[in-house]
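Chemist: Got chain A; can you put chain B on it based on the hints?
2 protein chains.
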Amino acid sequence: MPARVAVDALGGDDAPAAVVRGALDAVASDPDLEVLLVGDPALIGAAARDSERVRVVPAAAAVAQDADPAEAVRADPPPSVAAAARLVRDGEADALVSAGHSGATLAAAVLLVGRAPGVSRPALAAVLPGATGPTVLVDAGANMDATARQLHEFAHLGCAFAEDVLGVRDATCGLLAIGEEPGKGDQRVKEAHALIAADPALRYRGSVEGRDALTSKVDVIVADGFAGNVLLKTCEGTAREAFRRVRAEATGPRAALGGLLLRPALRRVRDDLDPDTYGGAHLLGARGVAVVAHGAARPHGIAQACRYAAEGVRAGLPDRIAARMAALGG
Amino acid sequence: MPARVAVDALGGDDAPAAVVRGALDAVASDPDLEVLLVGDPALIGAAARDSERVRVVPAAAAVAQDADPAEAVRADPPPSVAAAARLVRDGEADALVSAGHSGATLAAAVLLVGRAPGVSRPALAAVLPGATGPTVLVDAGANMDATARQLHEFAHLGCAFAEDVLGVRDATCGLLAIGEEPGKGDQRVKEAHALIAADPALRYRGSVEGRDALTSKVDVIVADGFAGNVLLKTCEGTAREAFRRVRAEATGPRAALGGLLLRPALRRVRDDLDPDTYGGAHLLGARGVAVVAHGAARPHGIAQACRYAAEGVRAGLPDRIAARMAALGG
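As they're listed, the protein sequences go chains A and B. First residue of the first sequence? That's 1 in the working numbering, and the numbers climb one at a time after it. First residue of the second sequence? That's 1 in the working numbering, and the numbers climb one at a time after it.
Just so you know, these hints were derived from the structure itself, not from any lab. What you are looking at is a predicted structure, and each value in this text was computed from that prediction instead of being measured. Check each hint, because a few of them may be wrong.
[Unchecked claim] Calculated Cβ distances over 12 angstroms to all of chain B for the following chain A residues: (1) R49; (2) R89; (3) R149; (4) R203; (5) D224; (6) D319; (7) A322.
[Unchecked claim] Taking lysine to any residue and the SDA-like style, the derived pairs with C-alpha atoms no more than 20 angstroms apart in a straight line are: (8) K217/B to R240/A; (9) K190/B to D66/A; (10) K217/A to L166/A; (11) K190/B to M144/A; (12) K190/B to A67/A; (13) K217/B to A248/A.
Ideal placement from N, C-alpha and C gives every residue a C-beta, glycine not left out.
Next comes chain A alone, as it looks inside the complex (with noise of 0.2 angstroms):
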């Protein structure tokens, strides 16, 4: 059976061209993906209309970037974001994927789609490229003030995607801490590390700091939001301040020759560390697939999205982490 992905083609910086040329994209390079088109019919274009595996579902507008989350998704006429998100609640499609406004893209997964049992907070799950594979950060954003509890609910969550959708087997676990000492950090994080710990269900490896986020000490990075997009936007952020000043700094023959000679290590390097790589990151915890895209995504970037998401409808995501969660409850 085809993953069915339902696509906020309004949403993003460049929707909707951008959109729906990744969202083709992804279906022409994948024989078992639909795609739903979600948006007004005249500005998505006549391109979606050229293959069986695509559909056109009407919708109104996107979310503004300034308008309250909760508010816009459950407003009538639903804007593109929520319209895609009930088709996914109503089993027309099995994920969401959006660029647009991620706030409203979180509530109308979690206030539409709903929560998986036994889950109290779905949280974002980024990939980090690891020095030896991928690295789980979860939550990079979605959840502030999370409560340890929930912490701990993110270390399972991060556990199911990292083993069913990335295939990391036997999957270890660290709490993104500011010491190596067990639970340096504030409150919650001592608190969070007492319960992770005291849990024979996770492999958990202790303390993990800043400075770990690529060296793939552990798979999966536990954090509340804060920290965790901190983490996420740091990481991007300096790879990518180091590059450009490379280049900046080789002037004169002898560095631009040096340059030309590196460029193509320097680039799987750069290209590794892109944050496109992915095309987005997973909600976990909800009752179906959600992947909020980047709102500066490319047709690459949204290309990818479309595929990753489809990863996770392929691995039962869903059922995997509900699952995941009924036995700790028990």
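Modeler: For chain B alone, coordinates are given in the frame of chain A:
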């Protein structure tokens, strides 16, 4: 009048040898610097007696890495870092430098030297190598669970440091958040945003994100100690890992030659991003100057930390901060 720096000779991974060597190098390079080496005279050795501007002050032992900081610095006899802090308290030294247990150094400064009037929580100032100049990050890890009011104080501490020690003119500040929208983050960040934005004595530029760590968007990044430490260590770790990967990818004769030709540029960028540039972090808001050096500091790092402490003394940092906080309270 020379700057008198009390150095914890027994604190640090390579103490006392690296610490003594670094302190003597600092004295040799700065005719207006006096150093008091605090620790066991037998361990410090005879080299320290070669200069008129070096004194050895006997003290028992360093603080063990697993000790409780507040208890350790109050022990009798006092450990070396506490003995050094007492010299500052008693007016025999102007500054404290330690590469030992950082929590103990903070505790010694706060409990023995004391807080400046108007400062509720002294905070650590790390300096990040921004694109167009230094960027102060405060708090870099001293205070977990800081309140919104304390974050507001950190903004003043950071701006005082940027202007009075680093020579930044009309320092601007931003609050670490997770989106560009004002105050996007947890509850504490929202409250701190309101306090800082309403303060006409600050040049507040709104939210900054992890991706702005090195872009010089603002001169001072305000954060609580947990998120600040995550940002600092992610920055260091990502830069290190990016260069490691470039080296690892630069295989084959073409790339090797390219690496050779580009080496000066790569070195400049790497050195610029090296956390040892400043030798440590100033603790802002104590009644004296205190610099927390890296535990793994080599002699070069210790020498830098001593010079850096002397800069704080010459700038009259504690008095400047006290004056600024008095104006804020009035």
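Chemist: All hints, please: hold or fail.
Modeler: Hints, verified against the model:
no.: 1; hint: R49; verdict: holds, 37 angstroms
no.: 2; hint: R89; verdict: holds, 27 angstroms
no.: 3; hint: R149; verdict: holds, 17 angstroms
no.: 4; hint: R203; verdict: holds, 22 angstroms
no.: 5; hint: D224; verdict: violated, 8 angstroms
no.: 6; hint: D319; verdict: holds, 31 angstroms
no.: 7; hint: A322; verdict: holds, 28 angstroms
no.: 8; hint: K217/B to R240/A; verdict: holds, 15 angstroms
no.: 9; hint: K190/B to D66/A; verdict: holds, 16 angstroms
no.: 10; hint: K217/A to L166/A; verdict: holds, 17 angstroms
no.: 11; hint: K190/B to M144/A; verdict: holds, 11 angstroms
no.: 12; hint: K190/B to A67/A; verdict: holds, 17 angstroms
no.: 13; hint: K217/B to A248/A; verdict: holds, 18 angstroms
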